[in-house]
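Colleague: Input sequences plus hints: build the corresponding full structure.
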Amino acid sequence: MLTKTGLGATNHFEACAFIRSDKGVKWPDIQYHFLPAAMRYDGRAAFDGHGFQVHVGPNKPHSRGRVNIKTPMAEDSPSILFNYLSDERDVQDWRKAIRLTREILQQDALAEFRGDEIQPGFHIENDDDIDAWVRENVESAYHPSCTCKIGNDHDPMAVLDRDCRVRGVEGLRVADSSIFPVITNGNLNAPSMMVGERAADLILGKDPLPPSNAPVWFDPEWESRQRQGVA
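The sequence shown lines up with residues 1 to 231 when you count with this note's numbering.
Quick caveat, the hints were computed from the structure, so don't treat them as lab data. Please read all numbers here as calculations on a predicted model, not as lab measurements. Hints are supplied without guarantee of correctness; some may be wrong.
Here are the simulated DSBU-like pairs of lysine-lysine, each with C-alpha atoms no more than 35 Å apart in a straight line [to be verified]: (1) K70 with K60; (2) K60 with K26; (3) K149 with K96; (4) K96 with K206; (5) K96 with K60; (6) K149 with K70; (7) K96 with K23; (8) K206 with K149; (9) K149 with K23; (10) K70 with K26; (11) K23 with K206; (12) K60 with K23; (13) K4 with K70.
Now the in silico label distances, taken between C-beta atoms and shown as ranges [said to hold, decoys possible]: (14) R102 with Q228: 44 to 52 Å; (15) V67 with V216: 50 to 58 Å; (16) P72 with M1: 29 to 37 Å.
The beta carbon of each residue, even a glycine, is placed where N, CA and C say it ideally should be.
Modeller: So, in structure tokens, the structure goes:
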């Protein structure tokens, strides 16, 4: 920290990437953060020694959790169930994420920096072992959302109307990442700020900005290949 060298000179997340998990997937659905050290979110040591690592995860999980109010008292904590990996599609996506990540880290460009695989470890190879490791180690990455979704009047699960107002409650709106019907395909920070800006305009009665349809590039062969030159 004092000399601005080594790990004190990095925010640990300078390098990021998005890739598609398979052919037939139109937009990237796996996100990477590359770190020049090996660490854990919970503050415990990942292992003894030097290392680098990748934080990786599928961006479009299908499993759905829930938040339930337990008592009428506002100070009482709710009951929260993340319900990770309850949808088989998420289990399969994690297998792809682990195997694609290994392929990336085994590229020649990283050979001089690479040693043995710390986690999961090369002995974790078949589907059952990968599934067990993921269930033991998966984390939320601080992106819980979608617990208070916005929707039309005919959606029984829509807590909010189109103006972010809580149905059945006077004078209450929600303006954060809980209002998304499904999680965004990437970090929640910018989308959450956009929700706040839009809710502020709704409260103030401002007209929305004109629609903007920015062009988006897709691989013209996205339906038949996962990466260039490989089916």
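Colleague: Take the hints in turn and mark each one as holding or not.
Modeller: Here is what the structure says about each hint:
A C-alpha spacing of about 29 Å is found between K70 and K60, which places the hinted pair at or below 35 Å, so the restraint holds. For the suggested pair K60 and K26, the alpha carbons sit about 13 Å apart, so the restraint of at most 35 Å is met. Pair hint K149 plus K96 holds up; C-alpha atoms about 29 Å apart against a cutoff of 35 Å. With a C-alpha separation of about 45 Å, the suggested pair K96 and K206 falls outside the 35 Å cut-off, and the hint is violated.
At roughly 13 Å between alpha-carbon atoms, K96 and K60 fall within 35 Å of each other, so this suggested pair holds. In summary, the hint linking K149 to K70 is supported, as the alpha carbons are separated by about 20 Å, within the 35 Å threshold. For the suggested pair K96 and K23, the alpha carbons sit about 12 Å apart, so the restraint of at most 35 Å is met. A threshold of 35 Å between alpha carbons decides the hint, and for K206 with K149 the separation of about 23 Å falls inside it, so the pair holds.
Proposed proximity of K149 and K23 is supported: the alpha carbons are some 30 Å apart, at most 35 Å. For the hint linking K70 to K26, the alpha-carbon distance of about 41 Å lies beyond 35 Å, and the restraint is violated. The hinted pair formed by K23 and K206 fails the criterion: a straight-line CA distance of about 43 Å is larger than 35 Å. Proximity of K60 to K23 is assessed by CA-CA distance (about 16 Å); at most 35 Å being required, the pair is judged to hold.
Between K4 and K70, the direct Cα distance comes to roughly 49 Å. Violation of the 35 Å bound is thereby established for this hinted pair. The hinted range of 44 to 52 Å is not satisfied by R102 and Q228, whose Cβ atoms lie roughly 20 Å apart. At about 33 Å, the beta-carbon gap between V67 and V216 misses the expected band of 50 to 58 Å. With their beta carbons about 48 Å apart, P72 and M1 fall outside the hinted range of 29 to 37 Å.
Hint compliance for this structure: hints 4, 10, 11, 13, 14, 15, 16 are broken, all remaining hints hold.
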